[in-house]
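Enquirer: Sequence:
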Amino acid sequence: MLTIPFIRANSEITIQGLIKKHVANASEIVHQLIAMDDQRKSLLQQAESALEISNAAAKEIGSLMQSGQKELAEGKRAETAALKGTIKEKEEAAKAAEKQMLDLLVTLPNLPHSSVPEGKTAEENEVVLTWGSLPNMQADAQPHWDLIKKYDIIDFDLGNKIT
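Residue numbering for the sequence shown follows numbering that gives the first Met the number 0, starting at 0 and increasing by one per position.
Don't read these hints as lab results, they were simulated from the structure.
It is possible that some hints are incorrect.
[Claimed, not checked] Simulated restraints, written as ranges between beta carbons of each label pair:
(1) 146 x 4: 42 to 48 angstroms
(2) 151 x 31: 25 to 31 angstroms
(3) 31 x 69: 18 to 24 angstroms
(4) 88 x 159: 39 to 45 angstroms
(5) 88 x 115: 26 to 32 angstroms
(6) 68 x 4: 33 to 39 angstroms
(7) 109 x 146: 44 to 50 angstroms
[Stated by the list, open to error] Capping the alpha-carbon separation at 25 angstroms, the derived lysine-lysine pairs in BS3-like fashion look like this:
(8) 58 x 87
(9) 89 x 75
(10) 149 x 160
(11) 98 x 87
(12) 98 x 83
(13) 40 x 83
(14) 58 x 69
(15) 58 x 98
(16) 94 x 58
(17) 83 x 94
(18) 40 x 87
(19) 98 x 40
Ideal placement from N, C-alpha and C gives every residue a C-beta, glycine not left out.
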């Protein structure tokens, strides 16, 4: 899976690779992912900034309580409660933005190597090397996955249960 740091550092390579894989709107998708990541980072910075202010206010509340200024301390408590709500909202928004970004990322294919020719179908693939000769199969030959079941070679049910 492509990662945001890779996409950021190699946006043009990413766009060209996605175009080679015939992804529609490759440029828009890459720019959208970068913008979504910027938004997520901004929300996290806002949450951290509010948390820093909240922590400073908590220390101030402690010193106000020690000095006997309970009314001012109660006012500061109300401020910190509002800040905690803001922090929670920003963190939830950042998580939602990250989920949305990951949902888009998983739809993107891996990038092909630069030597891979462009093509949509198997007929457009380029044969680079062959070894030996292809066997002549009978018309009623079965694929290996059917033979595995027929001769009970692998217990897939047990394998699934174990994993």
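Enquirer: Hint check: residue 58 vs residue 87, CA-CA at most 25 angstroms. Holds or violated?
Expert: holds, 20 angstroms
Enquirer: Using the beta carbons of residue 146 and residue 4, state whether their distance is inside 42 to 48 angstroms or not.
Expert: Holds: the Cβ-Cβ distance is about 45 angstroms, inside 42 to 48 angstroms.
Enquirer: Going straight from one Cα to the other, do residue 98 and residue 83 come out at no more than 25 angstroms?
Expert: holds, 22 angstroms
Enquirer: Holds or violated: are the alpha carbons of residue 98 and residue 40 at most 25 angstroms from each other?
Expert: holds, 13 angstroms
Enquirer: Taking the Cβ atom of residue 88 and the Cβ atom of residue 115, is their distance within the range 26 to 32 angstroms?
Expert: Violated: the Cβ-Cβ distance is about 45 angstroms, outside 26 to 32 angstroms.
Enquirer: Regarding the pair residue 98 and residue 87, is the alpha-carbon distance no greater than 25 angstroms?
Expert: holds, 16 angstroms
Enquirer: Looking only at beta-carbon atoms, does the pair residue 68, residue 4 fall within the given range of 33 to 39 angstroms?
Expert: violated, 49 angstroms
Enquirer: Is residue 40 close enough to residue 87, meaning Cα to Cα at most 25 angstroms?
Expert: With Cα atoms ~15 angstroms apart, residue 40 and residue 87 stay inside 25 angstroms; holds.
Enquirer: Would you mind confirming whether the straight-line C-alpha gap from residue 149 to residue 160 stays at or under 25 angstroms?
Expert: holds, 20 angstroms
Enquirer: Does the hinted range 44 to 50 angstroms hold for residue 109 and residue 146 at CB?
Expert: violated, 31 angstroms
Enquirer: Going straight from one Cα to the other, do residue 94 and residue 58 come out at no more than 25 angstroms?
Expert: violated, 29 angstroms
Enquirer: Please test the hint of 25 to 31 angstroms on the beta carbon pair from residue 151 and residue 31.
Expert: violated, 50 angstroms
Checked against the numbered hints listed earlier, the structure breaks hints 2, 3, 5, 6, 7, 15 and 16; every other hint is satisfied.
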